[in-house]
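Protein chains in written order, with our numbering: chain P, 1 to 117; chain F, 118 to 232.
The reader is advised that the hints may include incorrect statements.
To spell it out: a stretch of chain F is covered by chain P in this simulated footprint if at least three of its residues, at any positions, have a beta carbon under 8 Å from a beta carbon of chain P; those stretches are [claimed, not checked]:
id, region
1, 147-161
2, 197-206
Computed list of chain P residues with no C-beta within reach of chain F, every gap over 12 Å [to be verified]:
id, residue
3, 13
4, 75
5, 94
In case anyone wonders, no lab produced these hints; they're calculated from the structure. Since the model is a prediction, treat every value here as computed from it, not as a measurement. Glycine included, each C-beta is placed from N, C-alpha and C at the ideal position.
Next come the chains, spelled out residue by residue.
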Amino acid sequence: KAGVTQTPRYLIKTRGQQVTLSCSPISGHRSVSWYQQTPGQGLQFLFEYFSETQRNKGNFPGRFSGRQFSNSRSEMNVSTLELGDSALYLCASSLGGTSGGDQETQYFGPGTRLLVL
Amino acid sequence: AQKITQTQPGMFVQEKEAVTLDCTYDTSDPSYGLFWYKQPSSGEMIFLIYQGSYDQQNATEGRYSLNFQKARKSANLVISASQLGDSAMYFCAMRARDSSYKLIFGSGTRLLVRP
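Produce the entire structure from the sequences given, and follow the hints as far as they go.
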């Protein structure tokens, strides 16, 4: 079974621009979560989508948004980029259940490294 | 509020020896899941092992085992017979109902395996 894929893998943008990152989950997984990883803040939860609906949201400004399509693929958008948005953005997929074990386990993609100049 | 604490920023271990990476957690929810992930320098987070709060036995997956002490709220990862390829960052994480099932991560432990 193919793993989680993320595109692009690397991205360089300038302040004020916007960016869209894409994530394709493991086949059969209905939940996609996004995380931001920086040296200073560590791993922080951005949001989770399940069956095309945002099920959970972290403490990020409205410049960060996402969506999920009917095939469970997800996109994350960051508008008006700031220098502090430079980070590794990780996407994870899961079956989306809450009953433990495989239902909850999130499997991560390789990430997108975003550099904002 | 939920919290995951990893007190070892970095650790060394000799190849073929066992190593324990510490993790303590805090939650008031009786139902939760604990996870360990490995992150090599490439950046991808690799799932290693899962322990449910109601599981009676410690989880094991190959060379990985989880030393789950519920009363102490600790979930230490034990890696047996360390290999050079085990050199990486290791993250402990928790997911519980009282945080809307968000996956909360610790700050990580960098493990270096010496030949």
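Hints versus structure:
1. 147-161: Held - the region 147-161 of chain F has 6 residues with a Cβ nearer than 8 Å to chain P, which meets the minimum of three.
2. 197-206: With 0 residues close enough to chain P, the hint is violated.
3. 13: 18 Å, holds
4. 75: Its Cβ never comes within 12 Å of chain F, the nearest being 20 Å, so this holds.
5. 94: Residue 94(P) not clear of chain F: closest Cβ-Cβ about 9 Å, inside 12 Å.
Hint compliance for this structure: hints 2, 5 are not met, and every other hint is.
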